[in-house]
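Asker: With the hints as a guide, dock the two chains, each given alone in a separate frame, to form the complex.
Chains A and B supply the protein sequences, listed in that same order. Sequential numbering of the first sequence, starting at 0, is according to numbering that gives the first Met the number 0. Sequential numbering of the second sequence, starting at 0, is according to numbering that gives the first Met the number 0.
Calculated from the structure, these hints are not laboratory results. These figures come from a predicted structure and were not determined experimentally. Just so you know, even glycine gets a beta-carbon here, dropped at the ideal spot from N, CA and C. Warning: the hint list may mix true and false statements.
Claimed, not checked - A few chain B residues facing chain A, derived, Cβ under 7 Å:
no.	residue
1	Val229
2	Gln256
3	Ser412
4	Pro453
5	Thr458
6	Leu459
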Amino acid sequence: MSQLVQSLDLKNRCDVMRNIVTSDVIVIGGGLHGSSTAMNLAKAGAEVLLLEKNYVGRHASGVNAGGVRTLTRHMAEVPLSLASQQIWANIQDHVDDDCGFEICGQMRVAEHEADVKTLRDRLALMQSKGYTHEEWVEPADVCKMIPSIVPTIKGGLIARHDGAADPYRTTLAFRRKAQQYGADFREGVTVHQVAKRNQSWWVDTDAGQFQSRVLVNCAGAWADKIAAQFGEFVPLKAVGPMMLVTTRMPHFLETVVLGTSRPLSFKQRANGTVLIGGGHLAWVDRNRDVTELDFHALSKGAKTVCELFPHMRNAVISRGWAGIEASMPDGIPVIGPSGVEENLFHAFGFSTHGFQLGPVVGQIMKDLILSGTTDLPIEPFHISRFS
Amino acid sequence: MNTGTNYDVAIIGAGPAGMAAAISLTKFGINVVVLDENVSAGGQIYRGVTTSPLSAKPQILGDDYWSGQKLVKEFLESSAERIAGASVWAVSQHTSGSEQSHFEIGYSVNAQSNIMHARHVLLATGAHERPFPIPGWTLPGVMTAGAAQSLLKSTAIVPSGRLVLAGCGPLLYLIAWQYLNAGVKIEAFLDTTPKGRIPNLWPYAFDFMRSPYFLKGLKLVREVKANVNVIKSLSGLVANGQEKLESVTFKSASKNQSIEADHLLLHQGVIPNINLAQAIGVTLEWNDILKCWVPMSDAWGNTNIERIHMAGDAAGIAGAWAAESRGQLVATDIAYQLGKLSLAQRDISVTEHRKVYARATRGREFFDRLFQPAQAFRRPTGDTVVCRCEEITAQQVRETVKIGCTGPNQMKSFLRCGMGLCQGRFCAVTVTELIADERGVSESEVGHYRLRFPTKPLTLGELATLPQTDESISAVVRLKKPV
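Okay, chain B solo, but in the shape it has when bound (with noise of 0.2 Å):
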């Protein structure tokens, strides 16, 4: 008998939310599976932290990084169940066989499909970097820095030639220090937060000043400004070209400036990691401040959807540490829900997690506003690469609002806009963006794509070999019974 593939809560992703929330439910005695897309526990920001070869160097990534090791043990360590390399194409539930009671999830691991049940659904499938469209961001040479730092985390591979880094946030001035750290020479850092805007930004200030990232940030900056040349206030950012990334030209001071360069790592911060919130049907909200999408969940994770919840920077950019005691706080609700303790313990039980939840968190609005991406960086114009799947221009986004195509479904059916492999990941907020601009209206008005399964690729001839429908049926009604 198989009874492997039925379980009281199925996670997705295994950063810090989705580690901390198994840990969690395990202490209930709830049984539970993580899917984790990664070979590795840890997410992106524990990225290969208990097999990373810099172990050796820990003064690379510092402390914080290595401080997630603590937390990847104690996953490793509890009885949640964890399958490894699990890309996780469809989560269903009014064809799952027990609509009441179930999802059927759809996952594969090494080409091969597998389906499993599960009463309740955490989605902690994290944030990826915001998509940075200026001309020439497609070109070999030019890479997110976010994947430049996961080299770096668990391979240790760090560019070789002339680096030069561009955007703004917190984690571009993260990875330079690291960067200086190892020893790697950067040309030049371009920082692209648009300058002014620190003076309208006091009421937060007090907030941020006691935030667990202030003194760390300001100690991280510091020390980059005095080791790198940072030019600031620039417009007009450039990567050239003909096979592979040969400059980076930008104005600023009034004058047009050029750094020759054989790497460029763009960053402007991250965004959730929605696709499969969004399959599934969770509603999503525009974050003004963000300018991004966001599943709506409440305080306790809980979404639109009966027994679908989130945790972590998918529910809302906060960061590794509001991820973690976020992730415990929706666990423990899960738990409620689930019969394993009542109410007033449930508030009981939850009150340290508030606490870091806030302290975590605090000053967020600060760095949020002042790290808003400038308009100039997210709304592109002319031949600069959208979808970079379907080599769509911004210029053919806008010429096809003009004739008629009002929202971002359209555009995929008259230009293919977002139709590639990546699902739109990296040209849903531009798209929407953009026709919010043509238009004059305001992103929430536009919408979003809409998103279908699978949410991750798979072959034909893996969807071919699915387990069968009765097997599946049989899988259901064997977990009805009470155990």
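Next comes chain A alone, as it looks inside the complex (with noise of 0.2 Å):
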């Protein structure tokens, strides 16, 4: 025993002279959601290490449609929703960075009386759970506040505390707000491997050993990688939902549309620019970060747009993107502590419903790191799940 002592002691030792980083809590992932996590963490007095492996922002969190949505959500994930939508209402004392963000409102809308009685149905689910954010609007409603919207709209469902945000500005915001806190981040480096040694985590990278205490595991469509080190296996998909972006236009749009049967996210931002994304999905390989547009996939997205829109025809389109993303086969995210490994959590999959639930998931990890528990009930996203 005491032969062994001195070994661990003697490995302690070199490893202070191979010059190996420590902290308290490592997080894996410089998006939003690991940005949050990092920020709460240190404002709690938590020292906290960040790795990125490209730059904060580079994915899913930089260049996302930037929807601050509570409107027709999983019912799982509608508490974790309304938390976090009242952090956004305070956003500039949370970040001190307004992030871009104002309330217009989004709504989906209905095309027919296909979409109208999926929509009613929604509704009428939420009201009898006692929630109250989202509401009917009649057609002749819909055509007053959206004038440019096709006459034959058949009405929609709208949350009118909802809104959008700059979603790289908002990663950025968090960012610097965790560093202000004595947050450490690293950016571009890679984990390689990861092991559980003496109660500790050891972090193997392109740039060296970190080592910690706590390990959290925010790495997006890379996440399901660092779960499987663990025998953690989760049906993660790395998704590229496209998104286009029109040069300026005359001031048209207030609210945030979104489609109901057909995918579309539509939105006017203040300089102008209409951004059009929904869900229409780019060829990605993950390991080289490269993402390749599908065409014929956004063709249709344009068709949408053309027939609700119709001025929108002579858009003019300045650029497509995808970013990559973690999509969940279930449509909801996992969060919360490992099924099998102490001081370990997850927090990933959020693809194309992460952005508004960032703030609310950094103090979620924050609760549970610090305190081992959380008063939202985020039983429905635990890892187990898929095992």
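Answerer: The following block contains the structure:
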């Protein structure tokens, strides 16, 4: 036994000599969730080191549509989403930056009777649970709110306090605030291997070894690779929802417009450009960080826009892109402690619905790590649901 | 049956490289299409050479220009299919329906979108002028010398009123000479080539004296100097004016000087037009002599992406003659890859092209170094606009680096810099250099804009009416059958 202790001491001394960086918590992944987790932990006094393989906000967090949406959330996400919305309402106080957040409402529109039924059923379900943030809008009122929409529209479901923010700016604001509280952000550091030794996490990277007591996996579309190292296999799919943006156009739209049976997200930003997304997917190679836009799929999205907003036919597309995101088969993320290891936590799998949740997920992770519990119902998001 | 949408080789660009490659490929019996943004073939260098109103007065533009007629005629007479006025907005591989064998090319002609398939794609997209970010360069009345030359070639339009030329490089002297031939008065020629460079260039001087450009260049410069007020070694170049250009001020011989002007033509060399190559995923390398990004290709024009080839100035600035021989060289290798000739036949048949290429590029190192734009004209400060589309200034870029934006892509997200319609053509090198300057690191370390399709703007309506997937898939299947 004494020999073992001795050899461990020797090992520790060697580690110090090899200049290993140690921290209380290591967060893997510099997206919004990783940055928000780091910010909340650092604010509470924890020592945090964040490792990001590219740069902060490189993928999903920096290039998403920026929708701050509670509307038509998965039922399991509704409590988290509403809690996050309260943080968004005071985002300036939270991170010293308004993050470009504006409340303009988000509306899912009904193109035909089947859509009307889908949305009305949803509303009934929400009302039965006592939620009041989603409301039905009559066709005439939709046209009044969105004069440029095709007049055959059959109505819509709105969340009036929803809105949009600038995703990259938001992610950077969380990062800056985290750094102010003392968090250490390392960019361009790729994690190769993670192992638990001597009650500590040892993280091997291309920039050396890092050590911590607690490990948080916020690695987005690469998070399954981290989880798999502990035998936690998750059916994560790396996807690249495509976005298009037009050149500046005269102001015509306040609300964020979403499709019901056809994928569409449609928003005019303050600078006049129009952002078009909705979930048509690009070809993705996550190992090389490469995406290729699928113009046949984009063409379908363009068709939807032109049918709903006839004047958009002449809008000039200036750019298209796709960020690499993690999609889970049941459509909700993984949030919570590991099912197999102590002091290991996961928060990933948010594709197309993670941006709005970012602020609250950071708080949840902080609570879980520092006090072992959270007030919000996170059981549905546990990683063990896939085992 | 529409067999017209499938080709062995699609060439993007009908300049010297694209035309020469197309001619060579058709000689091997290869099914070639050339997509050209311009209405008439010739590229920038031979723009309008078969249609120019100046053909009645050939001495204005000079023999080198008219020598392009032969190439253009041969190209137009070849069996290569030519699609004029075509802007290529995407080249895809993984979503093309047949990743293994085809590229899918999205393009528009007269606002009508189309799709075609090709087994090989040759990018001969040429070059464009390097940005010249000085205070006032966005004022009406200020334009690039290259754009002015295009007008001269295609429409015989010349500036009226007081004209000042400023910058460095062979093209600026050429256009001054052409204007003199056309009887245009030039108030001043402000040569921004930094002084004292030539003594350091003697190791390259011998090759330069044997260059085909040497004697021609010398004659040109001499004639310009004899007829125009050429001012050298200047700094602090500014275009002044309220609504439009009124004067040009600068410092020379430790004196502040001012010249009243209606037109200022700026030029400090050309850089490869990389947008399409970059969007396809061709690796870029920073050329520290030419101070620009260059898509990497081997001696045969092969890139890191199989069956994507490059030729001409798009693959590194070397001029029209070099572009032509390089186009032939690359075409021969593509023919080999398509099984039209053996390796040995390939190597023998390019001997002459190699010789011409070597001759055309001899001495290049000398004037690449001599005409490297001065740092002050590449790395602006203060209110000077860097990104013209989004009106972002040098100061904004520099300050954004200080708050943690370490690369051009973060700069895009932060300032919208490089996100306008030009897709970063006019600011890419400047932004990379400014970030490198502020961070005190190399341009290679800073990196470049990530560029996405569409590489050319298209309307939502055009995209919405794109031929549908089923047709594209059947088009691919058709081509897979043995012809």
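Asker: Now tell me, hint by hint, if it's right for this structure.
Answerer: Against the structure, the hints:
Evaluation of the valine 229/B hint against chain A yields a violated restraint, the C-beta minimum of about 41 Å exceeding 7 Å. For the restraint placing glutamine 256/B at the interface with chain A, the shortest Cβ-Cβ distance is roughly 39 Å, beyond the 7 Å limit, so the hint is violated. At about 4 Å, the closest approach between the beta carbon of serine 412/B and any beta carbon in chain A falls short of 7 Å, and the interface hint on this residue holds. Interface hint status for proline 453/B: upheld, as the beta-carbon distance to the closest one in chain A is roughly 6 Å, under 7 Å.
About 6 Å separates the beta-carbon of threonine 458/B from the nearest beta-carbon of chain A, less than 7 Å, and the hint is met. With its C-beta approaching chain A no nearer than about 5 Å, leucine 459/B sits inside the 7 Å limit, and its interface hint holds.
In the structure shown, a violation is registered for the earlier hints numbered 1, 2, in ascending order.
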